[in-house]
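*Asks:* Sequence:
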Amino acid sequence: MMLHFIIKSKLYDKDFSEIELKGFYNFLKEIERQDMDQLAKVAGVDKQMVKEAAIAYATAKKFNGVSWSWSY
1 MMLHFIIKSK
11 LYDKDFSEIE
21 LKGFYNFLKE
31 IERQDMDQLA
41 KVAGVDKQMV
51 KEAAIAYATA
61 KKFNGVSWSW
71 SY
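Note that this note's numbering has the sequence shown beginning at 1, numbered continuously upward.
It should be emphasised that the hints constitute simulated quantities derived from the structure, not laboratory data.
Please note: incorrect hints may appear among the correct ones.
Straight-line alpha carbon distances no greater than 20 Å define the calculated SDA-like cross-link-like pairs of lysine to any residue that follow [as the list claims (entries may be wrong)]: (1) K61 <-> M2; (2) K47 <-> I31; (3) K8 <-> D37; (4) K61 <-> F5; (5) K8 <-> R33.
The calculated label-pair distances, taken between Cβ atoms and stated as ranges, are [said to hold, decoys possible]: (6) Y57 <-> L28: 17 to 27 Å; (7) D15 <-> T59: 16 to 26 Å; (8) A56 <-> L21: 15 to 25 Å; (9) A53 <-> F27: 14 to 24 Å; (10) I19 <-> K41: 34 to 44 Å; (11) D37 <-> K62: 26 to 36 Å; (12) Y57 <-> L21: 15 to 25 Å; (13) K22 <-> D46: 28 to 38 Å; (14) D13 <-> Q34: 17 to 27 Å; (15) Q48 <-> K22: 30 to 40 Å; (16) R33 <-> L11: 13 to 23 Å.
Yeah, the Cβ is synthetic: ideal placement off N, Cα and C, and Gly gets one too.
Required output: the full structure, derived from the provided sequences and hints.
*Replies:* This is how it looks when you write it as structure tokens:
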């Protein structure tokens with residue numbers, strides 16, 4: 001859901017995404033077709049709160065996050 005709001009608000013690097021991310025156009029189309037009201041209902045979250053979190057995340061000057069991946 002956060003990606004929906006980030007993309008709708010154009011708070012992403014469009015040039016980088018279109019050039020460097022394989023399949024980005026298809027990803028955009030998939031995000032656009034999602035029903036945010038239905039997703040919020042299923043997830044049990046407030047849509048406005050998710051939107052505010054997405055905008056705060058996308059406009060933050062710094063991000064400290066945790067990620068992991070499997071490596072074989």
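*Asks:* So, for every hint listed, does it hold in this structure?
*Replies:* Going down the list of hints, with the structure as the test:
Restraint check: the Cα-Cα separation between K61 and M2 comes to about 17 Å, which is no more than 20 Å; the hinted pair holds. Simply put, K47 and I31 have alpha-carbon atoms about 15 Å apart, close enough for the 20 Å limit, and the pair holds. As the CA atoms of K8 and D37 are separated by approximately 15 Å, the hinted pair is consistent with the 20 Å bound. Note on K61 and F5: the hinted pairing holds, with a Cα-Cα distance of about 18 Å set against a maximum of 20 Å.
Taking the CA atoms of K8 and R33, the gap is about 12 Å. The hint holds against a cut of 20 Å. For Y57 and L28, the hinted distance range of 17 to 27 Å is satisfied, since their beta carbons lie about 18 Å from each other. A beta carbon spacing of about 18 Å between D15 and T59 agrees with the range 16 to 26 Å that was offered as a hint. Taking the beta carbon of each, A56 and L21 are about 23 Å apart, inside 15 to 25 Å as hinted.
Distance hint check: the CB atoms of A53 and F27 are about 20 Å apart, consistent with the given range 14 to 24 Å. Distance hint for I19 and K41: a CB-CB separation of about 36 Å, consistent with the stated range 34 to 44 Å. For D37 paired with K62, a C-beta distance near 32 Å keeps the hint of 26 to 36 Å intact. Restraint check, Y57 to L21: a C-beta distance of roughly 18 Å satisfies the suggested window 15 to 25 Å.
A beta carbon spacing of about 34 Å between K22 and D46 agrees with the range 28 to 38 Å that was offered as a hint. At about 21 Å, the beta-carbon gap between D13 and Q34 stays in the expected band of 17 to 27 Å. For Q48 and K22, the Cβ-Cβ distance of about 33 Å falls inside the hinted range of 30 to 40 Å, so the restraint holds. Against the hinted window of 13 to 23 Å, the Cβ-Cβ separation of R33 and L11 comes to about 20 Å, which satisfies the hint.
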